[in-house]
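Following the hints, complete the assembly by docking chain H onto the known chain L.
There are 2 protein chains.
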Amino acid sequence: MVKKVKAALLIIGDEILSGRTKDANLNYLATWLTDIGVILDEVRVIPDVAERIVDNVNDCRAKFDYLFTTGGIGPTHDDITAENVAKAFGVDISVHDQAKQLLADAMGTDYLTPARLKMAMIPHGASLIKNPVSAAPGFQIENVFVLAGIPVVMQSMLLDIENRITGGSKILSRAIHVFAGESTFADILVEIENCYNHLSIGSYPFYKAGSYGATFIVRSPLENELNQAFVELGNRIQEKGYEFHEGEAP
Amino acid sequence: MVKKVKAALLIIGDEILSGRTKDANLNYLATWLTDIGVILDEVRVIPDVAERIVDNVNDCRAKFDYLFTTGGIGPTHDDITAENVAKAFGVDISVHDQAKQLLADAMGTDYLTPARLKMAMIPHGASLIKNPVSAAPGFQIENVFVLAGIPVVMQSMLLDIENRITGGSKILSRAIHVFAGESTFADILVEIENCYNHLSIGSYPFYKAGSYGATFIVRSPLENELNQAFVELGNRIQEKGYEFHEGEAP
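Chains as they are written, first to last, in our numbering: chain L, 441 to 690; chain H, 441 to 690.
Chain L with its partners taken away, still in its complex shape:
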């Protein structure tokens, strides 16, 4: 049985949309999810606008098995993620004792000005997600994981949630590359893909060291299917008179 578990990522932040900051969380989270058998099925980047957060959280948590958000959980006025996740769930938000304690332990009680206490505001019913880098926690409410936007903090929070996520069938993949345009093999790719139930073949052109070529990624949750299709693809490439190499492009 092939079981598909799907997730969405909501990246919240004007600075990504203005081009000022390059997002680094999408690719990291995509790889991390793939490794635990979760398919990242959609990503949305939205500005720090209350109703946009509420609407997208509610849309995505209904459509996907898991939703991750990044960004907007700091201490300043433009950090409005937590309050709007609470609004999306229709729950109240207030200072969470354990979150406050985590901040006090890390920074001292003098540190806890009203602005900083904002980082301890957690929607009711949520559980904390540890932040070993800078103390201010993320939180989980139902199938929604609210994470920091700073990449090193976001990544550290994943350590605390891996055991809360139930992955599906892991997608296995093998890569093959050829030094010829992908269009030469377009007919083969679709024929092979159509022969298998769970198989997909991605075709990615590359230009490197003065040569152009293509990498084909064969993917399936079933090892047998994957290996059979991979051998067939190699044979068909050879029949056309081209050499192939296993692995990514050089």
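Please note that the accuracy of each hint is not assured.
Repeated chains share a single entry, so a pair holds when one copy, or any two copies, can fit it.
Below, computed lysine-lysine pairings styled on BS3-like, alpha-carbon distance capped at 25 Å [as the list claims (entries may be wrong)]: (1) Lys570 / Lys648; (2) Lys503 / Lys610; (3) Lys527 / Lys503; (4) Lys444 / Lys462; (5) Lys462 / Lys610; (6) Lys540 / Lys462; (7) Lys680 / Lys610; (8) Lys527 / Lys540; (9) Lys570 / Lys680; (10) Lys462 / Lys527; (11) Lys503 / Lys648; (12) Lys570 / Lys527.
Rather than coming from a laboratory, the hints here were simulated on the basis of the structure.
For chain H alone, coordinates are given in the frame of chain L:
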């Protein structure tokens, strides 16, 4: 008068969602749009799935002034963007004479196998977007611009569309940084932001060279408003006993 023109970007490609490929188009397009007075207001990354493309194209072209798509316009079976943009608009798609000629001119007529002719399939009513890098064109249909996924090709296509886009008021910005946590200034930021109609202040913590600090980006379409708020922010930071520096963090 402040005029807002808003765009969305739809990134189409399994390879971004699986983590195999790092997207480079979001940041480039975000910066390019900001420079011509267009606000990138939402980005979505979706897989190569027909109905997802149709639904998202129709949703975004209705909600935003412009929609850009990247990816899925190559010659292989997993390149399904053009046909589904046609479907979204309810128009037919067929080989476009001028697009075919562009491919023939660049590659020779022998090159034009059925698979490669797929790159000349253009929805009816669309106009071509030149691709000086590898010939296969993109296209514009109404307010939707369909671009390649390979960054160098996508960037080259923008040269042909800048004159088709009417930007709004350009958002001006000035940056200030301090060597102190952003939470120290949380109250100031919100007070200043609330004093002006079109102003926004973004707060971005950083950790560099063993010190931590924050960069505040003051943004407004009105130069007077921007400069007045910027001076006020500097004064208020000094009143709290901190030095500030104009410009991005070191």
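**Report entry** Homo-oligomer pair classification [Lys610, Lys462; C-alpha up to 25 Å]
**Finding:** Classified as between; 21 Å across copies, 29 Å inside a copy.
Query - Copy assignment of Lys540 with Lys462, given that the CA separation must stay at most 25 Å - result: For Lys540 and Lys462, the Cα distance exceeds 25 Å both inside one copy (31 Å) and across copies (37 Å).
Query raised in the report: For the identical chains here, do Lys527 and Lys540 meet the 25 Å Cα criterion within one copy, between copies, both, or neither?
Result: Cα proximity of Lys527 and Lys540: one copy only (21 Å, versus 53 Å across).
Query - Within, between, both or neither: Lys444, Lys462 at alpha-carbon 25 Å - result: between (30 Å within a copy, 23 Å between copies)
**Report entry** Up to 25 Å CA-CA - Lys610 versus Lys680, copy category
**Finding:** neither (32 Å within a copy, 54 Å between copies)
Query raised in the report: For Lys503 vs Lys610, is the C-alpha pair at or below 25 Å within one copy, between two copies, both, or neither?
Result: For Lys503 and Lys610, the Cα distance is within 25 Å only inside one copy (20 Å; across copies 36 Å).
Query raised in the report: Which holds for Lys570 with Lys527 at a C-alpha limit of 25 Å: within a copy, between copies, both or neither?
Result: within (23 Å within a copy, 46 Å between copies)
Query raised in the report: Between the shortest in-copy and the shortest cross-copy C-alpha distance, which are at most 25 Å for Lys503 and Lys648: within, between, both, or neither?
Result: Neither. Shortest intra-copy (40 Å) and inter-copy (39 Å) distances fail the 25 Å Cα cut-off.
Requested in this report: Evaluate Lys462 and Lys527 at a C-alpha cut-off of 25 Å and name the case that applies: within, between, both or neither.
Outcome: neither (28 Å within a copy, 33 Å between copies)
**Report entry** Within, between, both or neither, where Lys570 and Lys680 count as close if Cα-Cα is 25 Å or less
**Finding:** Answer is neither: 55 Å inside a copy and 32 Å across each miss the 25 Å cutoff.
**Report entry** Identical-chain pair category, Lys527 with Lys503, by Cα at 25 Å
**Finding:** both (18 Å within a copy, 23 Å between copies)
Query raised in the report: Is it within, between, both, or neither for Lys570 and Lys648, if the alpha carbons may be no more than 25 Å apart?
Result: between (43 Å within a copy, 23 Å between copies)
In this structure, the hints that do not hold are numbers 6, 7, 9, 10 and 11, in rising order.
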